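J.: Please put together the full structure from these sequences, using the hints given.
In order, the protein sequence lines correspond to chains D and B. In this text, residue positions in the first sequence follow our numbering: the first is 447, and each later residue adds one. In this text, residue positions in the second sequence follow our numbering: the first is 267, and each later residue adds one.
Honestly, the hints are just simulated from the structure, not real lab data. There may be inaccurate statements among the hints.
[Stated by the list, open to error] Which residues of chain D face chain B? A partial, calculated answer using Cβ under 7 Å:
id, residue
1, S488
2, L489
3, L538
None of the values given here were measured: they were computed from a predicted structure. Note that CB positions come from ideal geometry on N, CA and C, so glycine has one too.
Letter by letter, the chains look like this.
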Amino acid sequence: SAVISQKPSRDICQRGTSLTIQCQVDSQVTMMFWYRQQPGQSLTLIATANQGSEATYESGFVIDKFPISRPNLTFSTLTVSNMSPEDSSIYLCSIQQSGNLNIQYFGAGTRLSVL
Amino acid sequence: DAKTTQPPSMDCAEGRAANLPCNHSTISGNEYVYWYRQIHSQGPQYIIHGLKNNETNEMASLIITEDRKSSTLILPHATLRDTAVYYCIVRVPGTNAGKSTFGDGTTLTVKP
Numbered sequence: 447s448a449v450i451s452q453k454p455s456r457d458i459c460q461r462g463t464s465l466t467i468q469c470q471v472d473s474q475v476t477m478m479f480w481y482r483q484q485p486g487q488s489l490t491l492i493a494t495a496n497q498g499s500e501a502t503y504e505s506g507f508v509i510d511k512f513p514i515s516r517p518n519l520t521f522s523t524l525t526v527s528n529m530s531p532e533d534s535s536i537y538l539c540s541i542q543q544s545g546n547l548n549i550q551y552f553g554a555g556t557r558l559s560v561l
Numbered sequence: 267d268a269k270t271t272q273p274p275s276m277d278c279a280e281g282r283a284a285n286l287p288c289n290h291s292t293i294s295g296n297e298y299v300y301w302y303r304q305i306h307s308q309g310p311q312y313i314i315h316g317l318k319n320n321e322t323n324e325m326a327s328l329i330i331t332e333d334r335k336s337s338t339l340i341l342p343h344a345t346l347r348d349t350a351v352y353y354c355i356v357r358v359p360g361t362n363a364g365k366s367t368f369g370d371g372t373t374l375t376v377k378p
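T.: In structure tokens form, the structure reads like this:
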């Protein structure tokens, strides 16, 4: 199984600022995913980050608010821009295991609180 | 992806088997059943998956009915550390695993 490291593990931010979350994987993966988990809720996919191309965003999420970088096959960042209290959530990085088993692995998440 | 239905919560006594049901009555022939769990303050963790045969690994067993419209995840000897939200997901293996739809899951509470 893959090891996924997310930084920071948690942060408290002021309204209007931006936070960049890093995701580092211990092996090369083609597809990385970013999720949001609002308090008491299930996971919602924000976008799929493919190396060498623009991220693909799900309905309700836009690049200006959640810009994503994917400079290589082991690293990605998600930025939460111009934050408001409604952005307070856990943000999770995930990868798909190579092959066709469709098994996903997740980082421990970044717990974001916006004041 | 086929929609799944799970009970919102369940309790289980420590040391006893925990049986978590999942209904996926609209599952198609090439869709697999996957189970994940999310322990508080952690990311989801893969548990097990299957197509139509029963499966067992070091964590759990997966029982899929013959018509494949429902399944049960079995934790044979639940411990307090098994307290978590358990998600049942149905999808076709291949690309776009990230698009797996995580429903509300079942909150399992293991009690001493």
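J.: Hint by hint, note whether the structure agrees.
T.: Right, here's what the structure says about each hint:
no.: 1; hint: S488; in the structure: holds, 5 Å
no.: 2; hint: L489; in the structure: holds, 4 Å
no.: 3; hint: L538; in the structure: holds, 5 Å
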